[in-house]
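Visitor: In the order they appear, the protein sequences are chains A and B. My numbering numbers the first residue of the first sequence as 1 and each following residue consecutively. My numbering numbers the first residue of the second sequence as 1001 and each following residue consecutively.
None of these hints come from the bench; they were simulated from the model. Keep in mind that a hint or two might mislead.
[What the hints assert, rightly or not] Computed, partial: chain B to chain A, Cβ under 10 Å: (1) S1002; (2) G1025; (3) L1033; (4) A1053; (5) I1054; (6) V1062; (7) A1063; (8) D1096; (9) Q1218; (10) P1226; (11) N1228; (12) T1230; (13) T1231; (14) K1235; (15) Y1239.
[Unchecked claim] Simulated crosslink set (EDC-like; lysine to aspartate or glutamate; CA at most 16 Å straight-line): (16) K1090/B x D1056/B; (17) K1155/B x E192/A; (18) K180/A x D210/A; (19) K240/A x D210/A; (20) K1232/B x E1190/B; (21) K153/A x E66/A; (22) K1155/B x D1259/B; (23) K153/A x D24/A; (24) K91/A x E103/A; (25) K1155/B x E254/A; (26) K153/A x D1056/B; (27) K153/A x D1066/B.
Built from N, CA and C at the ideal position, the CB exists for glycine as well.
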Amino acid sequence: MSTDGLVQIISNAQCYLRTSTNYDGIHTQFNALLNYTNNNGIKGAGSESWCASVIDQNQFIVAGCEVPRTFMCVAIQGRGDDYDQWVTSFKIRYSLDNVTWFEYRNGAALPGNKDRNTVVNHFFDTPIRARSIAIHPLTWNNHISLRCEFYAKPIQSSFTQVGSDIYTGENCALNSGSGKREVVVPVKFPVEFSSLPKVALNFDQIDCTDATNQTRIGVQPRNVTTKGFDCVFYTWNENKVYSLRADYIATALE
Amino acid sequence: MSVANLVPLCSSSRVNLRTSTNFNGVHSQFNSLLNYKNGAPNTQAGAEAWCAAINDANQYIVAGVDTPKTFIALSIQGRGDADQWITSYKVRYSLDGINWIDYRNGNALPGNSDRNTVVTHFFDQPIRARSISICPLTFQNQIALRFELYSQPEKHSFTQVGQGITPGDNSVLNNAGDNEVLVDVVFPFEFNSVPIVALTFDHLDTRSTNTQGTDDFQQTCVGVTPINITTKGFKARFYTWNGARAFNLRADYVATTLD
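Next up, chain A with everything else stripped away, as it sits in the complex:
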């Protein structure tokens, strides 16, 4: 299994990090990213890892996201500089609603590191859907110190706008003539979209007359842009349509 095509959540600054404790102000979550280095000896910059200040099984680092993510994998690594410190086993806890927390594999220990730099990846049995996810060290070598990364599927954010009562007007141009006919009503979105939306357009009022005992009416969006679209009401054959009215839902994803 590969992390290709997955988003590195910590590297991309897509989450907030909180720790149970920090050894001091230069052994914090700021240094916790996988492969973090500060040239291993620039003393002021601190450890090449997060280091806890209390050494027990109550320590953790938790990553929180505002929108739910599908976490696929966690990577863990030892401290890179000066000291042989790493986490030898850990468990994962997570929450989607931030009220109820779950223990991955019922809290079973996952294998961690055996040296300073070798990265250990754990791909979750099934993808974890969560807003917050935490690494809880269970056993360690010398000190609770780790670098880490979470890999999640890319996300789409959606933005939706709705409009109602797009109207041909009474006794519109569809009420006479024959063959394919249309009435076009331009529609402007309340707010311009940041990317091109898809538009769903449906009837909410119909006043039409059959021809050859058949009802023939349609409505369709045309020339959709980020700013609006043309609402095209149409009929065909010999049908006469007194009026039509429609509502739309427009959604963009990015």
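For this one, chain A is given, so just place chain B on it according to the hints.
Guide: Showing chain B alone in chain A's frame:
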């Protein structure tokens, strides 16, 4: 061009900041906001800037947000309590968190030449991204900077959908005449403000009517519209007129607020 009416993301605490390295615990991104001051140097509160631990071309400060923002400009400034500043930098950004793009192909942008003068760069085109980073290229004495990012104000949409609203079989709509049936609809969650509601048909069982007296004139007159829309729900008004009848009708709704 002005940053008035744009959202100052760092000041608003709307971004998560990560740095390549920090000089130490009191030279971190915590001190990186434009015009940050803490009484330095007469304090242990650290630098009036973010300062990197390593002075090379691999340093950066990256800002991340969960939902895409339209970045319009950034401002950069030197360190307030020492002669340290960035003289040039480049910008990189990503929308999907996988593909990173070099703004202006990685060309250097002019930075600072003193401690406090703010230099603001308006992007050639608005940048749509979830992550954006400042990468110092050249510097005076030490990589140190204060900064701000400016984005367009944005709207957030919240949408609820409901399906299967119906007056039921053989209601009063099945009689000729101008008839209506009101059906109460309650939203699953109460909205924070009154939504716009799109309410449209997904099932029609209607009888057309002949009002013209000619053999081939059969008219369908049927409609549905939301009335009395509140944050909690609305009434779906199903109606017929002109002698047309509806044995049954059914509608779905999409309700959305923007804030």
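Visitor: Against this structure, judge whether each hint is valid.
Guide: Verification of the supplied hints:
1. S1002: violated (20 Å)
2. G1025: Check passed: Cβ of G1025/B comes within 3 Å of chain A, closer than 10 Å.
3. L1033: At about 16 Å, which exceeds the 10 Å cut-off, the nearest Cβ of chain A leaves the hint on L1033/B violated.
4. A1053: The hint holds - A1053/B has a Cβ within 10 Å of chain A, the shortest such distance being about 3 Å.
5. I1054: Result: holds, 5 Å to nearest chain A Cβ.
6. V1062: This interface hint holds because 5 Å falls under the 10 Å limit.
7. A1063: Hint holds; A1063/B Cβ to chain A Cβ min 6 Å, cut 10 Å.
8. D1096: holds (5 Å)
9. Q1218: holds (4 Å)
10. P1226: This hint holds: P1226/B lies near chain A, its Cβ roughly 8 Å from the closest one there, short of 10 Å.
11. N1228: violated (14 Å)
12. T1230: It is violated, given that the least Cβ distance between T1230/B and chain A is near 16 Å, above 10 Å.
13. T1231: violated (15 Å)
14. K1235: violated (14 Å)
15. Y1239: holds (8 Å)
16. K1090/B x D1056/B: holds (14 Å)
17. K1155/B x E192/A: holds (10 Å)
18. K180/A x D210/A: holds (15 Å)
19. K240/A x D210/A: The given pair, whose Cα atoms are some 7 Å apart, holds under the 16 Å limit.
20. K1232/B x E1190/B: Roughly 5 Å between the alpha carbons, so the hint for K1232/B and E1190/B holds.
21. K153/A x E66/A: Judged against 16 Å, a Cα distance of about 15 Å means the pair holds.
22. K1155/B x D1259/B: holds (5 Å)
23. K153/A x D24/A: Given pair K153/A, D24/A is violated - Cα atoms ~33 Å apart, limit 16 Å.
24. K91/A x E103/A: holds (8 Å)
25. K1155/B x E254/A: holds (15 Å)
26. K153/A x D1056/B: Given pair K153/A, D1056/B is violated - Cα atoms ~32 Å apart, limit 16 Å.
27. K153/A x D1066/B: holds (13 Å)
The structure fails to meet hints 1, 3, 11, 12, 13, 14, 23, 26 from the earlier list, while all remaining hints are met.
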